[in-house]
Amino acid sequence: MSGEIIKRKAFLFVDDDAEFLTSIQGLFSEMARGRWDVFAAENHAQALALLGQLRVDVVVLDIGMPEMDGIEFLLLLGRTHPGQQVVMLTGEASEERRKACLESGAALFLEKPVAPDGFVAIFNALDALAGAKPQTGFRGTVRRVGLQEVLRLECLGRKSSVLEIFTGKVRGRVFVCDGAIVHAERGVLQGEVALYGLLALRGGEFNLLPFTEPPRRTVQGQWESLLMEAARLHDEGQKFLEPEEPGPGAAEPGQAAGPAAGSLPAGELRIEEIVLCSGSGEVLYEWESKSLELRLRLLEQIEQQATQLNALAPLGRFDRLEILTAEGRIVCQVQPDRRLFVRRAGNPPAVA
Amino acid sequence: MKEALQALLDRNLPLPGLAASSARLADRTYVTRCYGDWFAPAQVEQALSRLALAADSLGYHGIQPVRLCWVFEHARIHLALRPDGACLAVLVENRPGTNTRVEELLEGFVGLPAS
Chain G
21 MSGEIIKRKA FLFVDDDAEF LTSIQGLFSE MARGRWDVFA AENHAQALAL
71 LGQLRVDVVV LDIGMPEMDG IEFLLLLGRT HPGQQVVMLT GEASEERRKA
121 CLESGAALFL EKPVAPDGFV AIFNALDALA GAKPQTGFRG TVRRVGLQEV
171 LRLECLGRKS SVLEIFTGKV RGRVFVCDGA IVHAERGVLQ GEVALYGLLA
221 LRGGEFNLLP FTEPPRRTVQ GQWESLLMEA ARLHDEGQKF LEPEEPGPGA
271 AEPGQAAGPA AGSLPAGELR IEEIVLCSGS GEVLYEWESK SLELRLRLLE
321 QIEQQATQLN ALAPLGRFDR LEILTAEGRI VCQVQPDRRL FVRRAGNPPA
371 VA
Chain F
2 MKEALQALLD RNLPLPGLAA SSARLADRTY VTRCYGDWFA PAQVEQALSR
52 LALAADSLGY HGIQPVRLCW VFEHARIHLA LRPDGACLAV LVENRPGTNT
102 RVEELLEGFV GLPAS
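If you read the sequences in order, they're chains G and F.
For our numbering, count along the first sequence from 1 and bump the result up by 20.
For our numbering, count along the second sequence from 1 and bump the result up by 1.
Chain F with its partners taken away, still in its complex shape (with noise of 0.2 Å):
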């Protein structure tokens, strides 16, 4: 899976206020892109950590989610849940005209096929 998603990162990314990617794949390894000086890499996968263990426990309270997103004042968090466990964060400013393109960047990770 992971050429694919390296496929795909690459057709899609970067993209405009795109900060960070970070996908942790089904055997636990990352595939991470910063863009700029927003984030380092070991940042991101520890948010991305965050984020995962965060879709997990809304299970607590009944959520089953297959996608998140936490908007913040500066930058929004887009995360895409797979059945398999593999996830990808979508880090990206806050600004008009990047939401389309995670749609289709996140959509495309929900769709590669299981390795």
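Excised from the complex, chain G in its bound form (with noise of 0.2 Å):
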């Protein structure tokens, strides 16, 4: 006698084949001699309550479900029980479907068996997971813990990861060599610029990876710098979120300054786009821009015009546009060291 507890791995099995389930629970609780614990849910409410009430290794997923199907419920998981791991089983694979789902989190994605020994080998792989030790790094949402926090961890402990990140639109990663940010990528941008739009994502998840080196090394400087500017420039956006604007010249406390300010309930103001570049147009920050290429056309247009303008009366320096549409604000800073480009959605104003 060993006298070692083995401990019992518990599975929830979500499918809305109530056979299936059956003959599923029967025969995985068989071949696994009394070390699983076969949970079964016909739905993804079924299978929420379960979860509520008792703490499972696995949850194997069916692709296909009324309601809810697997992929959005995995997303759903993703958020409500993070790090629980989650298999994707289904009869209808396709390539595109287990991207989704890999993308999506999922740990593995299998195809329902047709013949006996296809049982076999499912067993065998969620046996496997089950029993397999965490994977190095963790995952988390952006909500709970903010991408500053962990990057600042990164360094301090002098470790070397790669941060993935993802949300419904971006996907990016930070790579942490020896506690230095040494490259970042979020779509087609890289370096700095990936890195501040990717530390100004408001929601999300991510995965904190093991170390590989990046294609090539874009970022440089400290991580304490990189993370105040990442701040700064943040800072620098939301300031167009405040209901008063001082400018040049600028009025009064409490009187509006442009045509919308005011107008607009403060708790229903969002920001929805922030491209900022230096006076020379390189690109500084941008954050969930559709078209990077047209804004800084915008600004440069923007600042011809006000040139026109200037040269018909002696206006003084151009400091911004402010644009009032029905969906909110845009604001439009020329300045000679930097170029702003804000939109903000709001209330719609009053227009006849």
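Warning: the hint list may mix true and false statements.
[What the hints assert, rightly or not] A partial selection of chain F residues facing chain G, derived with a Cβ cut-off under 8 Å:
1) Tyr36
2) Phe40
3) Arg51
4) Ala53
5) His62
6) Ile64
7) Gln65
8) Val67
9) Leu69
10) Trp71
11) Val72
12) Ala76
[To be verified] Derived CB-CB ranges, DEER-like:
13) His101/G with Asp85/F: 37 to 45 Å
14) Ser298/G with Arg51/F: 23 to 31 Å
15) Tyr61/F with Leu74/G: 35 to 43 Å
16) Leu95/G with Asp85/F: 46 to 54 Å
17) Arg51/F with Pro86/G: 55 to 63 Å
18) Tyr36/F with Arg99/G: 58 to 66 Å
[What the hints assert, rightly or not] Sample of chain F residues at the chain G side, in silico, Cβ under 8 Å:
19) Gln7
20) Arg12
21) Asn13
22) Cys35
23) Trp39
24) Ala55
25) Asp57
26) Leu59
27) Pro66
28) Cys70
If you are wondering where the hints come from, they were derived from the structure by calculation, not from laboratory data.
Don't be surprised by glycine CBs; every beta carbon is placed ideally from N, CA and C.
Once you've looked at the hints, go ahead and assemble the two chains, each given alone in its own frame, into the complex.
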């Protein structure tokens, strides 16, 4: 007698096919010989109720389910149960589905077996996954843990890692080597611009993975300075959320500064796009921009138009153009050392 | 609409720091008023024409403005656009205490009944 206590592994199968659930519960319980607890749910609601009561090692999800399909439920679990291992099990596998599931956080993507041997393979895969030590690194949601905090901890600990960040629209990676941020990429953007854009994300998920050498190193400088600059640039954009904007010859306190100012309740404001570049047009910070090129061209065009207006009368140095639209407000600031585009959504103005 | 506009301007102007106002109506006629010697009417109308063109050009960038405010060191130029193509520019000195009344004027202009 070894005295070793064997920990039972717990699995939750979610499938709208009740017959399949009954079969798999019976089959896998028998194969596990008492080492597995197999739970079953026919939809996401039942599954969530079960997950509220017990902890399982692996959730096995069917993809094709009514109301909320497996991929949607996988995404939901990523938010409600971060770190929960999820395996997708489907009778209709495709490369697209495989990619979507793995990118959404599934640990494995498996096909429903059509022969008895297949069930053995599935059993072994699930058994191995449930028994595996947690992967190096961790995952979390951006709202719960700030990316800045994660990076700060990695850098302070002089660690080497890759922070992988993903939201519905954005994917990016930050490479940390021996406590230094050495590379960042976000879509086609690389370097500091990509880093600042990623650090500005207000939601999403991240994985902290073991370090791999990036395709090239695009970020230099001390991590403290980089994080401070990211915060500064973010504040730069955020200040346009304020109802008053002091510019040259600023309005007095409490007075509306622009066409829309004061007409939009603060609680209903939302910044939707920011582009900040240097006076020479080099992009320093970009967030959610649909077309960087178009925005840069717009800022250039506004500068030219302001120069033309100034030629008609001595108006002084141009500061900004504030644009009110039915959807919200846009501020285009053009100064010698920087150009800034901020688009903000808010209450539509009362337009006759 | 011209009469209604004149009445609106009479009710609201002048206001502190106002340098000029100019409206271009849907029939391309102008109603321009200048205060002080900062601008001549022809200058203001030329500026309005440029401002309207600049507002139009925003459409290329996917922006449909209803109001604009060009902020310079010494002055602000407010522009209100109506769906019928009429527009009103108000040039004010960049000093405190003018924006609220300018807002009222611009809102009044946008709310004028079409002729």
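Using the nearest Cβ pair, does Ile64/F come within less than 8 Å of chain G? The hint holds - Ile64/F has a Cβ within 8 Å of chain G, the shortest such distance being about 6 Å.
Restraint satisfaction for Phe40/F [CB to CB of chain G, less than 8 Å]: Holds: closest Cβ of chain G sits about 6 Å from Phe40/F, inside 8 Å.
Please check whether Leu69/F passes as an interface residue: C-beta within 8 Å of a C-beta belonging to chain G. Check passed: Cβ of Leu69/F comes within 5 Å of chain G, closer than 8 Å.
Interface hint status, Cys35/F versus chain G (Cβ within 8 Å): At 11 Å from the nearest chain G Cβ, Cys35/F fails the 8 Å test, so the hint is violated.
Given hint Trp71/F near chain G, where the shortest CB pair must fall under 8 Å: OK, holds: Trp71/F within 8 Å of chain G, min 5 Å.
Chain G contact restraint for Val67/F - C-beta distance below 8 Å: Nearest chain G Cβ about 5 Å off; hint holds.
Would the hint on Trp39/F stand, with a C-beta cut-off of 8 Å toward chain G? With a minimum Cβ separation of about 7 Å from chain G (threshold 8 Å), the hint on Trp39/F holds.
Against chain G, with CB atoms and a cut of 8 Å, does the hint on Gln65/F hold up? Holds: closest Cβ of chain G sits about 6 Å from Gln65/F, inside 8 Å.
Would you settle whether the hint for Ala53/F is holds or violated, based on the nearest Cβ-Cβ distance to chain G being less than 8 Å? violated (11 Å)
Quick check on the hint: Leu59/F CB to chain G CB, less than 8 Å? At about 7 Å, which falls below the 8 Å cut-off, the nearest Cβ of chain G leaves the hint on Leu59/F intact, so it holds.
Holds or violated: is there a CB of chain G closer than 8 Å to the CB of Arg12/F? Since chain G brings no Cβ nearer than about 17 Å to Arg12/F, farther than 8 Å, the hint is violated.
At a threshold of 8 Å, is the proposed contact between Cys70/F and chain G supported by beta-carbon distances? holds (4 Å)
Going through the hint list in order, the structure does not satisfy hints 1, 4, 13, 15, 19, 20, 21, 22, 25.
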